[in-house]
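Undergrad: Sequence:
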Amino acid sequence: MLIQKSSSLNIVLISALFLLFSSLAIGFEIESYRNYNHNYIVSSQAGSVAIGTFCGTLAWDGMELAELSTSTGASFSQTCATDIAPDGSVWMGGWQVARLADGEIYNFAEFSGGYGIAAISRDEAWVIGTIPGNPWDHLFHIVGTEVNPVSTEGFPYELIVDRSGNVFYAANGIERYDEHSGTFIDCKEFETGLYQFSRDLSGVVYAGSEQGLWMFDEDEWIKLDDGSIWGPFPYGPNGFNFNANGTLWAYASAGLLRRNRGGDELIITEACGISLVYDPDDQATYRYGVWGVAPLGGESILIATRTDGLILFDGIDFSHIGFPDGPPENVIMDVVEDFQGRDWIATDHPSIYGTGYKEGDAWKYFRPEGVFGNAGIIAACGDTEGAIHVLQYPFRLITFDGVEFSFQEGYDHGVTDCIAETLEPGPDGEIWACVGPDYTSDFSGVVRIKDDVWDVYPTGSIFGPGIGGREAPTLAIASNDEIWVILDSLISIFDGENWRVDQLPEPLPFADVGVASVVFDLQQRLVFFTQAGVYRLDEGSWKELSSEMTTFGAFDANGDLWFLAYDSMRRYSVISMKQDGSVAEFHQSDGLAGTRLYSITIDHNGDKWVGTSGGLSRLEDGGPAQQSIALSAAENPVGTLKLAADLTNAGEIIPVSLWLACEYNGNIFYYPNWGPEPSPLNLTLSASSCRTEELVNIDTSLLTPGDYTFYAGISLFGGMDLLIGPRDGKVAIASYHVD
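Once you know that position 358 of the sequence shown is 349 in this note's numbering, the rest is easy, because the numbers rise by one and skip nothing.
These are computed hints drawn from the structure, not numbers from a lab. Be aware that a few hints might be false.
[To be verified] Pairwise CB distance ranges, derived in the manner of DEER restraints:
no.: 1; residue 1: Gln515; residue 2: Trp490; range: 46 to 56 Å
no.: 2; residue 1: Glu209; residue 2: Asp305; range: 33 to 43 Å
no.: 3; residue 1: Asp78; residue 2: Asp208; range: 37 to 47 Å
no.: 4; residue 1: Gly53; residue 2: Gly405; range: 33 to 43 Å
no.: 5; residue 1: Ser310; residue 2: Glu209; range: 16 to 26 Å
no.: 6; residue 1: Tyr356; residue 2: Ile312; range: 13 to 23 Å
[To be verified] Under the rule of at most 20 Å between Cα atoms (straight-line distance), these lysine to aspartate or glutamate pairs were calculated in the DMTMM-like manner:
no.: 7; residue 1: Lys214; residue 2: Asp177
no.: 8; residue 1: Lys633; residue 2: Asp558
no.: 9; residue 1: Lys569; residue 2: Asp551
no.: 10; residue 1: Lys355; residue 2: Asp392
no.: 11; residue 1: Lys633; residue 2: Asp581
no.: 12; residue 1: Lys355; residue 2: Asp339
no.: 13; residue 1: Lys441; residue 2: Asp403
no.: 14; residue 1: Lys179; residue 2: Glu137
no.: 15; residue 1: Lys349; residue 2: Asp329
no.: 16; residue 1: Lys441; residue 2: Glu462
no.: 17; residue 1: Lys633; residue 2: Glu654
no.: 18; residue 1: Lys179; residue 2: Glu209
no.: 19; residue 1: Lys534; residue 2: Asp571
no.: 20; residue 1: Lys179; residue 2: Asp169
no.: 21; residue 1: Lys569; residue 2: Asp581
no.: 22; residue 1: Lys534; residue 2: Asp581
no.: 23; residue 1: Lys633; residue 2: Asp551
Yeah, the Cβ is synthetic: ideal placement off N, Cα and C, and Gly gets one too.
Go ahead and model the full structure; you've got the sequences and the hints to work with.
TA: The following block contains the structure:
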C-alpha cells in the first residue's frame, strides 16, 4: 500500500493545466481539409478543361483532376475566370490575374481582381478586372508584360474571343474590338438584358439574352431562337454551352436544361437528371446550383455545381468526379475546439451541410432539419459546460450539447434590427455576443446568454447616454473573469453585477480605422488588432507591435503572437511574432488552403488552425501549447510533503480532467483514493492566467521508506490521454525520497 493512513491526508486541490509538447513547425497541412466545391467557371477548347474553384484552378484530362495553381507565386484560392488559348496556355483570374504556360505560372501583380478573361495566346489576353489606384478602367489588354487599360462604353461584365480572334465584351450591348481603329465598336444591341457568351468547340461565339439566342458568323449576328428557348428559366440562364453534336446545355441556380438542335430550331427534349423542377414561389429550394458546363466531345460534358462538386455526364449517366475528402464547405469562417479535442468548423454556407467536425479520417456533417437557416455561420465558441455554439447571420444562436441541436432566435429575445458579429465564452457557462446595426437601425451592444435567458446591454446603457452608433463594440474576457467591452476610446468593465467605464489613453493610434478584435496577452495587457496595425496597451501607453492591417489574433503558451494580416490588395498572410522579436510569415505557398483568411484558433496541442476561403489549414505547434503545468514536490519544515504546480493558460475558459498519480516500488497509484484505478477530478480553468497552485499536502510520517515519483497531467474534459495520448510529454514529473 502506498500510504498507510490515507484518511488522515489533508488534501487541497484547486486547479491545474495541460503539459503539451509537439514537433517543430514545418508548414501548414491542408490535404485532409480541402475540397473542390464552388466550381465557379468552366472553360474548354478542343477537349481541354480548366475549372475555377475556391481552392485554385484545376485541369481535367478525362481521367483525373490536376491542380494548376501551384506554389510558384500565384494565389488562386478564389478563381472566378479561366480561359484556354489555342496554344494551350491557361489564363486565370480571381484576386489576381495569371497565366500558365509550359508548366510555369506568371502572376500579374498589378491586378487586384480579374473577373473575365479572353485568352489569345500565351502572351496576350483581354481581362475584365481592377487595378489599385485606377477606379476608372475595367477592361485591360495584356501583351507580354504590359498591361494596357482600354476605354469602354458602360461597365463590361462578360468577355470572349472567337475562332477568328474577334474579341467581344458585353455591357449595355455587345462591343467588338476593331484592329484597324484599335478601339471597340458597337456590334449588337439588345432590347433586354444580355446574360452570357458561349463558344462551341469549333470556336463559334453565341450570345444569349431574354430575347433568345444569337450566333456570330461572317461578321454578323444570326438569331437562332426567341426567348422561349430558356424554358423554365424565365429571366434567362446564368450561362450555356454546346456539345460537339450541337446539343445546348443551359444552366442556372435552378439546375440544368438540355436541348437538342433540330433544323434551325432548338427544341426541348428533356431536363437532365440533376435538374430540379422550377418553382418560382420557392426559389430557395434548389438542390443544385450549376455554375458552368464544359463540352468534352460527343455527348459528354463536365458540370460544375455550387454544392456538389464536379459531375460528369457521359451521354447516359451522371457521376461525381474528383471530390476529395474535405470539410463541409470551403469557406471556413471560424474554428473551435470541443472538450473531446474535436475541431468544429463554422462555414459560410450552412444551407448545404450546416456545420461539422473531423473525426479520424472522415468529416461528420450536421444539417438537422429546421435548425440551420439559409444564411452563413460567422462565429463559433464552446462554453464551460461542453456545448458548442455557432452564430448565424443575422442572429440565430445554434447549440449542440453533445446529443442534439437546438436554436434560439434573437427576435424572440428582443434582439432585433441588429447583426451579431462575435461570440465569446463566459466564466459561468454563459456566452457573450457583440451586436452591431443592420441597414435599418443604429442599435449596438452586447448580449449575455445563459440557457434561454438573454440579457441585452445596449452600448448606451454600459457606456452612457448618447454612446453608440454604426459599429459593434469588441469584447475580451480577463483572467479574473471580468468582461471588457471596448468602443472607440471607452472601456466598460462588467464584474458580474455592475458596469464601470474607463477611458483608453489618447491619442488613439487607430482612432480613424476602428478595432477588429481585442485579446489579453499572458501578462493581462490588452492587445488591439486594427486596420492601422497591432497595438498593446502597456501601463497607460501604446506600443506598436506591427504596422500590418489585421483582423484577428491569439497568443500561444510561449506568449508568442499569431495574427491574420492583409495588404492594400487584400493579400492575406499569417504572421507569428516571437518574444525574441523574430517574425515569420505564412502564405498560400506554405500550405494555406486559401488566399482570404477569416479566423485563427490555437487548440490544446498548440496547433494553429486557420479558416480560409479555400478550406481549413493546420500548422503543427513549434513549442509548448496553450496550457502547461510544472509539478514540484518539496517537504516543508513541519513534515508535510507539498505537491505544487506552476500553471499557465494562454487560452479561453475550458473544462478539463485532472489526473494525479504516484509510482512506488514499480506500482502506479492514482489520486484521490490512491488505488489502482484512475479517478480524475473535473475542473474548469479560467481564461489566460499564470499562477502557482497547491495541489496536495501529505503528512510524510505516513509514507513508507523508498523513492516516490509523482505524475500530474490534464486531459480534455472526460478524456483518458494522460499516459496514452497521441503526443508524448503530457505528464509533469516530480520525485521524493523517504528514508
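Undergrad: Could you run down the list of hints and mark each one as holding or not?
TA: For each hint, the structure was consulted:
Under the hint 46 to 56 Å, the C-beta atoms of glutamine 515 and tryptophan 490, about 19 Å apart, miss the expected range. For glutamate 209 paired with aspartate 305, a C-beta distance near 34 Å keeps the hint of 33 to 43 Å intact. A beta carbon spacing of about 24 Å between aspartate 78 and aspartate 208 contradicts the range 37 to 47 Å that was offered as a hint. For glycine 53 and glycine 405, the Cβ-Cβ distance of about 58 Å falls outside the hinted range of 33 to 43 Å, so the restraint is violated.
Serine 310 and glutamate 209 have their C-beta atoms about 40 Å apart, which leaves the hinted 16 to 26 Å range violated. Under the hint 13 to 23 Å, the C-beta atoms of tyrosine 356 and isoleucine 312, about 20 Å apart, fit the expected range. Restraint check for lysine 214 and aspartate 177: satisfied, since their Cα atoms lie roughly 17 Å apart, inside the 20 Å limit. Taking the CA atoms of lysine 633 and aspartate 558, the gap is near 53 Å; set against the 20 Å cutoff, the hint is violated.
Annotation: proposed proximity of lysine 569 to aspartate 551 holds, straight-line Cα distance about 5 Å (limit 20 Å). Under the criterion of a C-alpha separation no larger than 20 Å, the hint pairing lysine 355 with aspartate 392 is consistent with the structure, at around 16 Å. For the hint pairing lysine 633 with aspartate 581, the CA-to-CA distance comes to about 47 Å; that exceeds 20 Å, so the pair is violated. As the CA atoms of lysine 355 and aspartate 339 are separated by approximately 17 Å, the hinted pair is consistent with the 20 Å bound.
Of the supplied pair hints, the one linking lysine 441 and aspartate 403 holds, its CA atoms being roughly 15 Å apart against a limit of 20 Å. A hinted pair counts as satisfied when its Cα atoms are at most 20 Å apart, and lysine 179 with glutamate 137 does not qualify at roughly 30 Å. For a cut-off of 20 Å, the pair hint linking lysine 349 to aspartate 329 stands: about 12 Å separates their Cα positions. Restraint check: the Cα-Cα separation between lysine 441 and glutamate 462 comes to about 25 Å, which exceeds 20 Å; the hinted pair is violated.
Taking the CA atoms of lysine 633 and glutamate 654, the gap is about 16 Å. The hint holds against a cut of 20 Å. Taken as a hint, the lysine 179 and glutamate 209 pair is honoured in the structure, with Cα atoms around 14 Å apart against an allowance of 20 Å. Proposed proximity of lysine 534 and aspartate 571 is supported: the alpha carbons are some 16 Å apart, at most 20 Å. Distance hint between lysine 179 and aspartate 169 is fulfilled; the C-alpha atoms sit about 14 Å from each other, no more than 20 Å.
Taken as a hint, the lysine 569 and aspartate 581 pair is honoured in the structure, with Cα atoms around 19 Å apart against an allowance of 20 Å. The straight-line distance between the Cα atoms of lysine 534 and aspartate 581 is roughly 30 Å, outside the 20 Å bound, and the hint therefore fails. Under the criterion of a C-alpha separation no larger than 20 Å, the hint pairing lysine 633 with aspartate 551 is inconsistent with the structure, at around 32 Å.
Violation of the numbered hints given earlier is confined to hints 1, 3, 4, 5, 8, 11, 14, 16, 22, 23; the remaining hints are satisfied by the structure.
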